[in-house]
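K.L.:
Each chain is listed here by its residues.
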Amino acid sequence: MSELTGTAQLARDILRRDRVRIAVWTLSIAGLVVVTAASVQGLFPTQADLDKAAAAETSAAAIVLNGPPYGLDTVGGQVAYQVGVWGMVAVALMTLLMFTRNTRAEEESGRLDLVRATVVGRHAQSTAALIIVGGINLLVGTVVALANIAYGLPVVGSLVFGAGFTVLGLIFAGVTAITTQVTENSRVANGLAGMVLGLAFALRAIGDVNDGTLSWLSPIGLVQKSRPYAGDVWWPLAIGLALAGVLTLVAGRLASHRDLGAGLVPPRPGPAVGGRLLTRPVGLALRLQRGTLIAWAVGLFATGVAYGSIVDQLDDLLGDNQSAKDLIAQAGGVSIQDSYLATTMLVLALIATGYAIQSALRLRTEENAGRVEPLLATPTSRDRWVGSHLVMSFLGGALVLAAGGLGMGLTVGLITGDMGEVPRLLGASLVYVPAMWLLAGIAIALFGLAPRASLAAWAGIAFCFVIGMFGQLLSLPQWLIDLSPYQRTPQVPAADLTFGALAVIAAVAVALTAAGMVGFRHRDLA
Amino acid sequence: MTTAIRASGLVKTFGSTRALDGLDLSVATGEVHGFLGPNGAGKTTTIRILLGLLRADSGDVELLGGDPWRDAVELHQHIAYVPGDVNLWPKLTGGETIDLFGRLRGDLDPRRRDELIERFELDPTKRARTYSKGNRQKVALVAGLSSDAELLLLDEPTSGLDPLMEVVFQDVVREIRAEGRTVLLSSHILAQVEALCDRVSIIRAGRTVESGTLTDLRHLTRTSITAETVRAPSGLDKLAGVHDLQVQDSRAHFDVDTDHLDAALRHLTELGVRSLSSQPPTLEELFLRHYGDELAHEPERAGLAAGDGHE
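Going down the list, the protein sequences come from chains A and B.
Counted from 1, the first sequence has number 266 at position 276 by the numbering used here; the numbering is strictly sequential.
Position in the second sequence (first residue = 1) + 54 = the numbering used here.
Okay, chain B solo, but in the shape it has when bound:
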């Protein structure tokens, strides 16, 4: 397995703000890699470093085997970029803008462009100043997705799109993956990441807090179980890894850590299972738990961080 993006210990400060604080990121060639994090976590800063628009203060970063700052121009022949905040030249039309970027990259394919304009239902004859946010986003999407670049950097690319266009976007990304190309997808939309991504990196406050396949990450979370048993459900509270237990007559509802799922089910079968429903952990829960817990423990963490500083 070759690596398209490898970054370790990236640090970037803006004045007194530490935007990246030792970020690690590894994206394998041919995968769609989800890049998740709350606002201000450093996703866009990372992508701007990968594009050679910013220079990291310290840390190593390698992109398609090159240095994104030093080899920016050569590397960009193999990269397409879709920004989250789309700024266009007001007097140029959407079609002109798309063609400009295609030609600057050197891979303008009119057939592919027309196909995407059609699929995204974009009117290419309107001046950029008259486009809505969603339509500006479509211009950037068509410009980026119509390229044959081997690596696509997408920074929250669908924040202004409606659900129908979201479906089109997901189809196009799947086609790109089928062609063996690599995608780094920064996103807020967990359903989108779940639908598209092979692997995910979650970052917070400029640091990678979690990285792995969706299956890997599910191990870190809990499955939600509702069961009705022959004998009254007892003893569940004594099992390791069971949380938020609610028992009402013969019905039990609880969440269980994925590592302890097997033991919990064994216990239930001994009680005689009448009905059972389980809900697999969603990325949403993973995300909320990760940040929810950390937010809840924020003062504690702040204390720890201060302690770290004295080591």
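Isolated chain A, as found in the complex:
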């Protein structure tokens, strides 16, 4: 009987519960790397293309987004540069979500009380979660390394690159092990770990555009110092591994000094009476979704700024590479800037739609949690309640989208000195509002008519994303491409604004929403 009794059994349980999640994360991250490797070889077919790109691609904005430009005259170096940072961000997100889910979230739900009442040691659950998360990171690193080796990239570089993903994941497992000790709320624990990730990204971004010293303080920057395919230095990874070990030990010490269910920071008391928001259903919906809405709006604004910031370097970035220019300027006769802005606007719109769908599906979350029943026992009609979250999804979604357009417009305006870009790009973002409403409308229709299939609403955005990003590349049939409302939406500013298609999309959105509301009016509550 020790503090670790039962760890093996608990680890098996986690593996069983999360096997689909683990497979999806691993394949997605490995897939991201493979697709990047393929597109790099497509963009730069000859060594001459690579040399040109290496000479051109050193703009500050690109370094902010991708990291230090090591070995850009090799395919491996390009792959590491294009996907390294974002792959690591994905690994960190996977790690923190998976770890919190199996530790603090279990504890918060009270399920861990049951587990700990059996013959199970104090640290068994967190150790089991650490073993599984560590195992996944090892798996991701291995799959990525093997995929790159299979792609014909240098073996040692591929191993360093894959090991970097693993080490970064282990560091974030340690970070999350600490944040899950600090607070008793799993969402706050995720948020704190996410803030560390954001800080790590920012530190290395600032470091990389300067002399690189500051980057050493960031886990991402540290791992990038291993220079895969461009020197292959192992010892920064050893430092990272040691850091992961220290963080984990600190978390263990913290865990030994607290009660089950408690955090290190005691919760603060809140207001004893309801504020003005809590007088109507829509106020409640706003109160419940406010934090999420603000986070998404800020995130989209930042993404818009990031995309906008490289607008003046587009020509430099692409150099004389005609195939890359062709790829972006699929529509002929449009300036490369406008073509770029239209493409990135589509990306912003797809991301913002993620908020709209999440917000609409809040209906189902609330119903499943049993919190709708007492609300509908008051003189609140079903339509009013659905409407309250609908406002958050539709108007909130438009707000998130506008934040992205505003971020991009302000940045482009400041760079080009033409503040007319602000209303132009803000308007360009809002063109996607009907398409976004249509996808949120699918979520509401499912909620009302086939509530158990509500989560299938995410398939809509996945479909539109694949069509939007890879439709031309995969030469999909035109009728399939036309099914996506985002393809039917005029690609402003690269195309002229017309209202015919927008009106049809909006009408479909309204019809889907109405169908969902009528369906909910006539069905039993879960």
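Hints in this document: simulated from the structure, not taken from any laboratory.
The hints are all genuine.
Derived DEER-like restraints, expressed as beta-carbon distance ranges:
hint : chain 1 : residue 1 : chain 2 : residue 2 : range
1    : B       : D121      : A       : T355      : 24 to 32 Å
2    : A       : A359      : B       : D225      : 29 to 37 Å
3    : B       : R124      : A       : D249      : 47 to 55 Å
4    : B       : E338      : A       : S18       : 56 to 64 Å
5    : A       : T488      : B       : D139      : 52 to 60 Å
6    : A       : T488      : B       : Q131      : 45 to 53 Å
7    : B       : D121      : A       : W448      : 36 to 44 Å
8    : A       : V255      : B       : S62       : 55 to 63 Å
9    : A       : T(-5)     : B       : D216      : 33 to 41 Å
10   : A       : V288      : B       : S62       : 51 to 59 Å
11   : A       : V288      : B       : D111      : 45 to 53 Å
12   : A       : T(-5)     : B       : A232      : 56 to 64 Å
13   : A       : G265      : B       : D139      : 20 to 28 Å
14   : A       : I121      : B       : D225      : 51 to 59 Å
Computed from a predicted model, the values in this text were never measured in an experiment.
For glycine and all other residues, C-beta sits at the position ideal for the given N, C-alpha and C.
Given chain A's structure and the hints, the job is docking chain B onto it.
P.N.:
For chain B alone, coordinates are given in the frame of chain A:
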């Protein structure tokens, strides 16, 4: 006497499960009506139909003169509801939750709210995620009981409360009855039902098996008698309605059906009574007998039910 709730022949199925199987329920205006039954008997399903959250497959139901499904919103202006399984928004405090429900009902009375918060010893500044089960229950109780609704639907409202809070709850319900308001109290706690309810409906497997005042129902049960007599107690075993007779010298102990109590006492006085103690039937016994007997005869009943199906 007007009727606040009238339901007859209610049927509700979930897939292959028949949650309600011809349930009848009648609650008079101004009474506290106990709604008793074992787990899974259909109490919560009935209340969810009364709230218009579920639609009955068949049967008639009327609530405050309206149709609970069709007129849900209008009816809810006169109803307060306390669920048994309390689910709150984790980030809202208890006080915010109570105010939200009061305002949505349109009858928030800050004085009444503060009074109940005080009586139930609830800390309204804590976030719901940090409340224990008992405290979550208190939030729902204060939210529901602070309303001036004419009908209160309480679904096992005190399952997480300690005995002190149980007393407070009973006081508040008595005050509500004194104001002439109606309460439907679904409960497992028989002492609570005995203390509060004017009339009781007992349901089992989705069907009403017993309904009436507590006095009515006591007729269905047995009084427990212990007597010491001058002459040796004999002949008791020949009396109708006497059960579980134990005789030891001059002492006799037995249970007697309430209908035959008079004859049994007459017999005892003829033997010359030295001492006598009697225990009135508790609802507990009624309940246990009802379900105990039925559970004991379960195979037989199952056979009968199958026979019914062929008629």
